[in-house]
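Student: The residues making up each chain are set out below.
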Amino acid sequence: MLFCFSDFVSADFMDSLEKTAIKKGLDLATNPNDFFLSINNTIENLGTDPFNKRFQLNFSMFWNFLTVGNFQIKYKAYKGSKIMPEIIGGLSYWNIWSLSLISSSDFSASASGFTPFITLGKELKKDLKFFAGAKYSIGNIKVKIQNANEEDSGDMSDSLSFDLSSLASISSTYKEFGIYTGINYLRFSGKEVVALIGYYPGIKKIFTKAQVSSSVFDWGFCIYPDSVLGIDLFWNMHLNL
Amino acid sequence: MKKLGLIIFIILFSQGMLFSQLYFNLGIEEGVILSSGEYYTINDITSDVAYMIPFNKNNSLMAYYQLKYNGPSVGDNADARFSERAQDHYFLLKYLLKVNNSLALKPSVSFFKEFYKFAKNEVWGEGLYDLNKYQFGIDIVSKGISTIPLTLIYKYQMFKYPNYHDLLTMYLTSFQDKKEIENYRNHLISLSISEASFSKPLFINFIYDLNLSSYDNKKILEATGYSGNDKQKGVNHSINLGPVYRASSTALALNFGLELNDSNQNYIFGYTSTDIQLYSDYYSYTSFNVKPSITFMLSKIDYLALLFGYINKQYKNRSPQDSNGVFLLDSNLKTQSLSAGLSYFIKLSDYFSLNPEYLYVKSDSNNKYQQSVNYNYDAHLITLKLNYEY
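Note that the protein sequences, when read in sequence, are chains V and R.
Counting from 1, position 102 in the first sequence corresponds to residue 101 in numbering that gives the first Met the number 0; the numbering is continuous, with no gaps.
Counting from 1, position 101 in the second sequence corresponds to residue 100 in numbering that gives the first Met the number 0; the numbering is continuous, with no gaps.
By construction, these hints were calculated from the structure, which means they are not laboratory data.
Do not take every clue at face value.
Unchecked claim - Mimicking BS3-like on lysine-lysine, the simulated pairs with C-alpha atoms at most 25 Å apart in a straight line are: (1) R/Lys290 / R/Lys333; (2) R/Lys384 / V/Lys190; (3) V/Lys203 / R/Lys333.
To be verified - Looking from chain R toward chain V, a few residues come up when the C-beta cut is under 8 Å (computed): (4) Leu25; (5) Ser46; (6) Leu66; (7) Tyr68; (8) Val73; (9) Arg84; (10) Phe114; (11) Tyr350; (12) Lys384; (13) Tyr387.
Quick caveat, the model's predicted, so the values are computed rather than measured.
No residue lacks a Cβ here, since even glycine has one placed at the ideal position from N, Cα and C.
Hey, can you work out the whole structure from these sequences and the hints?
Tutor: Rendered as structure tokens:
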């Protein structure tokens, strides 16, 4: 993409874009947990959708295209009553399956994670629900570069002021408890609008989500302040069973 | 214990008690500051959750929590001035007691926790200026004369900086003294009148705040360090008067503000222990501002506002510095800024609104030393705020 646009934009802008991309890449390499935890959040659909069936399956189409295989299943354990809230439990899972297709004796990698969660919801008005819940995100990222050569990486390390040879092996696990709350309401056009905010107290990470849902698709964006990913647009799909 | 938990659970989730009194708000604001050919991204997220438990028509309890983030957005600003970020958690419990039709009492207790970082690579929770604020207070709300709703507030506040070490004293004493001395206490007394109507369509808003602060350990700064006989204290008066004129679909507002800050603290400047200069009464100032605005109600769901502002600040005994940092002792530091902007608000549904805003700010000062604080600049601020509220 950089080459496609290079004829139409200034050299300074291209230089700035390249530096930003490299910086983001280094942020990802030095703090992969933060990045994959953000993807985890984007894939999930934690709100109380008005699905009348017992189960709902969700997929992130965008991350599937990027070979991050994922799915989420939600189960409506209790429909709710005048006193008791609705109870929904679920599990989401993601795996970068394309990493296993790289056949090289010098490189091996894997990345996957899953999150069980429980959401309580209460109808405030006919078109409005309030929900709150908790989840526990677990993920593991492993990258190993065999025969990492200090001499080859030395020049690039000097220009970036960062020792690339230290990236020969990355092994990182995250296990984080998170809480969230939000509202979802039904618009006159039949679409559902969801606003969600959540927090991981252990790592003090905030995540937010703004979403519009139709009968099959969800669109929106997530904002992860002070994170590698920053802003993530998403396009998800759900099926009620 | 189990029965108590069940009772609390039922109270919290039963229809007509919790959810009929629930408040939820999520505001996401993204913006960019353009100044001197550079751009800096900003991000502000605010979320509030509150619910009120009414025991009867005269007694109720409100629990409130706010989560707030303020800092750079995507791009991670390289300039240190725009790289700071803060994450705030605010918990409040307030009891509402309606004494009679014209008097209500609202005692409250709150805790505020701020995590503060200068840059992205720092770890949350280890910031030098992380803050814990404990607050106890009471609001007295009186209708008084029927057209003047009066509120008197008293708050006792304790500010504690758990990670702060006095870097100056450490430097002066060759790192022998590491006492945490930034903790202080504050008494806030506030008197306000809101939307008082003497002659419709004219309304008046008035607020007077008095802050009396005293430091727990910090003494007055002398040339040898914090060694004066008195501890640091401050008195701050703030007055805001805002008449508002509402006529059909237009509102004209004019806000006048005056602030008088008096502190007994001094300042020292120097690069080595032998060339230190002492500047007394360094933090006292007077500030005046005027902020007119015009709001046009375009329809039932949207409005456009023109915003203007002028702020003038003069220090009582602080000298400005030239571009090399040399103090100009024959004058006092002055700053002033002008601002003008547009704000458009549209309600897209009962609970969802959008608010784009543009503001231009020009600031100048007789202080030309820009290494720590930039007093001379002009900037364009463009923001877009998405808000969900119930």
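Student: Give a verdict on every hint.
Tutor: Structure-based check of all given hints:
With a C-alpha separation of about 19 Å, the suggested pair R/Lys290 and R/Lys333 falls inside the 25 Å cut-off, and the hint holds. A C-alpha spacing of about 22 Å is found between R/Lys384 and V/Lys190, which places the hinted pair at or below 25 Å, so the restraint holds. The hinted pair formed by V/Lys203 and R/Lys333 fails the criterion: a straight-line CA distance of about 40 Å is larger than 25 Å. Interface restraint check: R/Leu25 against chain V, minimum CB-CB distance 5 Å, threshold 8 Å, status holds.
A cut of 8 Å between beta carbons decides the hint on R/Ser46: the least distance to chain V is about 4 Å, and the hint holds. Given the 8 Å rule on beta carbons, the hint for R/Leu66 holds: about 7 Å separates it from the nearest Cβ of chain V. For R/Tyr68, the suggested interface contact is upheld, since its CB lies about 5 Å from the closest CB of chain V, less than 8 Å. A cut of 8 Å between beta carbons decides the hint on R/Val73: the least distance to chain V is about 4 Å, and the hint holds.
With a least beta-carbon distance of about 6 Å to chain V, the hint placing R/Arg84 at the interface is held under the 8 Å criterion. Because the beta carbon of R/Phe114 sits about 6 Å from the nearest beta carbon in chain V, less than 8 Å, this interface hint is met. Interface hint status for R/Tyr350: upheld, as the beta-carbon distance to the closest one in chain V is roughly 6 Å, under 8 Å. Annotation: interface hint on R/Lys384 violated; nearest CB of chain V at approximately 12 Å, more than 8 Å.
At its closest, the beta carbon of R/Tyr387 sits 4 Å from a beta carbon of chain V; the interface hint therefore holds under the 8 Å criterion.
Hint check: violations occur at hints 3 and 12; the rest are consistent with the structure.
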